[in-house]
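Student: Spelled out, the chains give:
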Amino acid sequence: MSALIEVDGIGKRYGNIIALADVSTSVHPGEVTCVLGDNGAGKSTFIKILSGAHAHSDGRLVVDGEERHFSSPREALNLGIATVYQDLAVVPLMPVWRNFFLGSEPTKRFGRLDTGLMKKTTKSELAAMGIDLRDVDQPIGTLSGGERQCVAIARAVYFGARVLILDEPTAALGVKQSGVVLRYIARARDRGLGVVFITHNPHHAYPVGDRFMLLRRGRSMGDHPKSEITLPELTALMAGGAELEALSHELAAELGQDSAVAQELSSEVSELKTK
Amino acid sequence: MSALIEVDGIGKRYGNIIALADVSTSVHPGEVTCVLGDNGAGKSTFIKILSGAHAHSDGRLVVDGEERHFSSPREALNLGIATVYQDLAVVPLMPVWRNFFLGSEPTKRFGRLDTGLMKKTTKSELAAMGIDLRDVDQPIGTLSGGERQCVAIARAVYFGARVLILDEPTAALGVKQSGVVLRYIARARDRGLGVVFITHNPHHAYPVGDRFMLLRRGRSMGDHPKSEITLPELTALMAGGAELEALSHELAAELGQDSAVAQELSSEVSELKTK
Amino acid sequence: GCSGTGQEKGADEASDLDLTYAIVTHGAPGDAFWDRVKSGAERAGKDYGVKVEYSSDADPAKQSQLIDGAVADKVDGVIVSMANPDGLEQSVKNAVAAGIPVVTINSGIDKWKEFGAMTHIGQSEEIAGQAVGSRLKTAGWKNALCVIQEAGNVGLEERCKAVTSTMGGKVTNLQVDGTDDNAVQATITSKLQADKTIDGVLTLGGQYAIDAVSAVGESGSSAKVATFDLSADVIKNIQDGKIEFAVDQQPFVQGYAAVTALYLKSINGNDFGGGQPVYSGPAFITKENAEAVGKFAAKGTR
Amino acid sequence: MTAVAADERVASGGALGRVLKRPEVGALVAAIAVFVFFAVATDTFATASGASTWLRSASTIGIMAVAVALLMIGGEFDLSAGAMTGFTGLAVGVMTTQWGLNIWAAMLVSLVLALAVGFLNGLLVMRTGLPSFIVTLGTFFVLQGIDLAAVKAIIGQVAIQGMANVPFYSQPHAVFGSAATVAGGRIYASVFWWILVTAVATWVLLKTRVGNWIFAVGGAQTSARQVGVPVARTKIGLFMTSAGAGWLVGMLLLFTTSTVQSNTGVGQEFIYIICAVVGGCLLTGGYGSAVGAALGALIYGMTNQGIVYAGWDNNWLKAFLGVMLLGAVLLNEAVRRRAERSR
Amino acid sequence: MTAVAADERVASGGALGRVLKRPEVGALVAAIAVFVFFAVATDTFATASGASTWLRSASTIGIMAVAVALLMIGGEFDLSAGAMTGFTGLAVGVMTTQWGLNIWAAMLVSLVLALAVGFLNGLLVMRTGLPSFIVTLGTFFVLQGIDLAAVKAIIGQVAIQGMANVPFYSQPHAVFGSAATVAGGRIYASVFWWILVTAVATWVLLKTRVGNWIFAVGGAQTSARQVGVPVARTKIGLFMTSAGAGWLVGMLLLFTTSTVQSNTGVGQEFIYIICAVVGGCLLTGGYGSAVGAALGALIYGMTNQGIVYAGWDNNWLKAFLGVMLLGAVLLNEAVRRRAERSR
Ligand SMILES: Nc1ncnc2c1ncn2[C@@H]1O[C@H](COP(=O)(O)OP(=O)(O)OP(=O)(O)O)[C@@H](O)[C@H]1O
Ligand SMILES: Nc1ncnc2c1ncn2[C@@H]1O[C@H](COP(=O)(O)OP(=O)(O)OP(=O)(O)O)[C@@H](O)[C@H]1O
Ligand SMILES: [Mg+2]
Ligand SMILES: [Mg+2]
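Protein chains in written order, with my numbering: chain E, 1 to 275; chain B, 1 to 275; chain Y, 1 to 302; chain X, 1 to 343; chain V, 1 to 343.
By construction, these hints were calculated from the structure, which means they are not laboratory data. All C-beta atoms in this analysis are idealised placements derived from N, C-alpha and C, irrespective of residue type, glycine included. Just so you know, nobody snuck in bad clues.
From the structure, some residues in chain V lie toward chain B, with a derived Cβ separation under 10 Å:
(1) Lys207
(2) Asn212
(3) Trp213
(4) Ala216
(5) Gly218
(6) Thr222
(7) Ala224
(8) Gln226
(9) Val231
(10) Gly285
Subject to a maximum C-alpha distance of 20 Å in a straight line, what follows is the list of computed DMTMM-like cross-link-like pairs (lysine to aspartate or glutamate):
(11) X:Lys207 to E:Asp137
(12) E:Lys119 to E:Asp137
(13) V:Lys207 to B:Asp114
(14) Y:Lys74 to V:Asp43
Build the full structure now, drawing on both the sequences and the hints.
Tutor: Take a look at the structure:
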């Protein structure tokens, strides 16, 4: 199947700051493309280009075989690209249900909002994620960080037409909610959507991902299909092998050898070495 | 050693919303108290009370043996309680170095800011966390989510006198930075500080924590010393045993039995059952 | 601008002299009265072939800056309305010291001589107000409203005060928001409803007289209406008997005559007024003479 | 488990609480307080003829306040709104009395002009990224200059004269300038227009998609953009709405008083903003209500006239107004806080 | 690896870029453009005596604009700032000419009154949580009422007269009202005060702890509170600063022209805000500069006076002003964007 989105040597500058340079990858229907990288590596910048929030400064962005230069997220949305932004894109003072449908409100006759449907849908979609809201009329600004995250995800999943982009959706979530989100991603993939999934957690990325793109200081460190990379390799790549090893030693010294993090790190380092 | 902070049946309402009710625990010097719980469980609300950002509505808050009712974070800061808020408490338009020292600016003669010291310290403290900023003069609003998180943590660690409170400090961080933060927590503990550490990740909490408090829908589900609880128990408690099991089955079905998340969940569930 | 005052040249052609006069008033832009002063000055400028630059500011500090600016610009004469003489003293004296002839208009009749101005043309708020007051007394007004359309305006306050001094009866000042005619009508109506003994409404601008007429009708009061300043609608209302009379302060004259005075000084060294102030009004427009001034009012010069 | 009515995390509440949470509640209480105060303190205030005057003075301000409130909820200001009322009225006056244009045609041209200015305001704000405070201040100055200089140049004076003699004057007069006698008091057409505008604005805000967008662009413009709200169109529409309201008020003024002058509406723009804020709108956008703004105008109108009825020294008018304003807003705030606590 | 000068993620830049990024750069370019325009278009503008007048008219506005800019950076407005200049001047005038108080004592009392009003403004804003726009509007109305009614009641007219005859008048006159002749032009004391105020404000903003707090409380009040910035003290201090500046300008006006009137300063409050915004301050707070505000006042003063020198029809004054304002701000914005791009 042909690619939904193809990026070729794409780059973005903010003033004289080069946040992203020369990144290429593609998003295919029924596939999950994971983007991984350190803090400040340019992951959010990358997906903001795909979703139309920022226009790219260099390179080519091809959607459905046609070169595009989005000037607003609306254009991307109209092409069926739905996004969960890291900063969530919610309007704090507005009730949860109005936020959920913002920009795609269902209406009845005479342009009247179908408020009944809106409230009901919001409640049920959130309940399906394991978020049990007291009141969908609450301003979204009063929800907890994780609850807000879930609203943003539920919204994107609900409206996601062909491409679903998620920027660190699981960062603020507990074990259970993270599981739910991973399930959503898998389901979206199975329905034939192309998914772009950004995360810091290789354990979240590996099971659902089909290809893995690594960013480092604004540049791509490679774009690997799942068949070519293992979870430990992925983890090691993310943090940089040598630095990781040093860190695992330090942690072991400070937290004790039985520390889960130290163990995890050292096992990954050793796996990496044996390769 | 006597407790630095003791909370007894504390509660907080926002209007008619009860965000927290009847929570008791204590923070001791040289100990890490972990607070865990689902999204919206009231974790941030809890630490906002400790740090003076919100006044509690019910119960008692005792600091150094004296009952307190903080009306501003300044009061908590003056008692040596430094906090990293989940929403970071930074001023987006201000340069990174001004944000770093905000509220505790070092001055030279005639009240002149010691800008040289401020910039140098900011740069070096962030470098120590593995964040290599282009320019400490950049408005902090232009940093990536993880970079901002690191500034907030570095600041609290730098100024943390006796109690260090961290609200999901590792959520937005990569493997490496998370490791660094855990190391910071361990070091702070070793220096005799009392640490309150909020996280969703039991793997981050368990190695550094000394006692674990679980919140669920605004109520405490128990306050366990490390000796009384294992990592799998902790994980299971967080997500709720039965629900977790169901989820692990679903995930296994959807992501395949080899999925790391599914495996992780099911192993934890089984461990929980054998107990 | 042009240097030299032209005093020594005798009765030259003005176009040769390239004369410029500055007129600096305290009127608010768009105020009907000051608009006519401006029209008069500009008409005189056209008639004599001299340049007239009009500027205004109600704030004495700003007004004095405008005068300083004109002096810096080396104009050939300055016309000033001195609503607040203390505030302009320094600037007027500076102008005089720089050899620029100064004519004061409208207000400042007590001070022009002291400050070294050539003459004063006009009719101060005080004189106009007093004349109106005695006329209202003759008309039998006992309890009048004096409608002030701009809060804190020195000239308007003085007018009402002068009316009070000669009318004899009770005069109540009523502040209205002159930029909202709807509110002006409502406020006058309210006042008439609240105090049924009011037997007359005096407005300080033609526009507001029309509002007052409506308000009187609406409140069912039998109060009479009189006003300062003219407009076509005011004339029509006078003819219909809805307005008793209007006071024409002849602002056009103040502008025109002031320029004339400076012009005569420039071309011929004349001292207009011979060291005495010159009065420009007031004239009273009633049903009898309304017809005659109607066409000038329609043109906006009376 | 879905949340049911009896969630243990919700203390109490109900329908009343929900009503008390609306932004306009405080203004309503304050309006009632002001009304009661003057009704008791003066004889005429609470009579039909008394009500007629304060309703009238509140009505035109109220219409503008509602339009300005929509714009403020959308996160922008319109300082040209006041001058616009004069501009539209003067345009009609000049076109009919001087150029002999048919009165309805003149009104249409005037409306088109107003909307064009509104469009320009919006376009400039969106294109340049300048604060609307500055852009519309520029338009305000320009309109004020046109109102004065162009009108003076054309008709030779600064107020429209002889409007009542224009052919067909009575037709628009009936629509915009007439008054109906209700229970012994004269209720002007502007009052009905005010109610209509408030009702429509409320409906749009709360019940339509566009209303949702207005709250969103004011509350968090970037977020709104990111989820696909047409930010520019919404904001430009709001600027055109406030210009359109300026036209409506211009017509109401012109046909009620049969004249407008060059300085009509100058300085009123802040009164509209004040009314909107008293009515619960946030200056920073994203929160407020049309009914609240209308109530704000009512408070302003009642205070203004009430002081006259009470016969207080008129020189103190502004001081009273200031104290009343502060009192109303404090009461407003107290009520809102209470409502939020006991929601 | 620590970041070194040659980070591959930084395209170019340098010291110039850093300067170009300051908020006041746009205003500086705009000020130069306005100056050049009028210097070319008129004869007198660029002469010493011409400069003397526009510097003077910019100076008093500039002092207030700087104080108001500080307040705006701190996230608040002060609409009572304009009326305050009249209030303080009138207070001194009444106390000396009517009550025979020593002139320095009267000035001190007036200063204390001003600071008290500023304190009250700040306290009300912080305690009630009301927007400062509304609170200071209330104070504005009250001050305006006092300026009019109280002054009229005491001295029987609405302007102070005979100030120059007050004993020791010459002493404060020397400090506040005198002028020095520099290169043939008279430079008033107010100009020196303006420069002083701007310099002090800039130093405080950029080099002191309090300056850091001002940016913080305006940029993100909750965050500032959370890291321990004394928000209430900072903001109340800012309100008192703007009231204090109002007193200074009141004295400058009183001793330069030897009079003030009841309506002195009324309506000026928005000009201060405009100057601050033209100078690069954000209306939403947290960003701006004192030098920018001073430059904004300079642009305003030059434009106002330049139009007069150019001899353009006074009726169009406002329209020209509007166009100039828009032009200056657009230029300002263009420069800033360019600077940011090529930083
Ligand atoms: N200002 C507020 N007004 C009303 N409700 C609030 C407010 N702040 C928080 N809440 C509610 O209180 C509950 C607890 O919120 P809190 O932020 O403490 O959760 P949390 O445990 O930190 O969650 P997360 O892990 O998602 O950050 C949430 O359900 C939230 O909706
Ligand atoms: N508006 C902006 N102006 C200047 N620099 C920016 C801007 N936005 C982002 N940057 C810089 O670009 C780099 C990449 O940022 P980005 O947000 O894409 O990182 P990220 O990979 O999403 O990091 P994280 O995992 O922490 O969210 C960062 O170093 C950041 O400082
Ligand atoms: Mg990111
Ligand atoms: Mg939280």
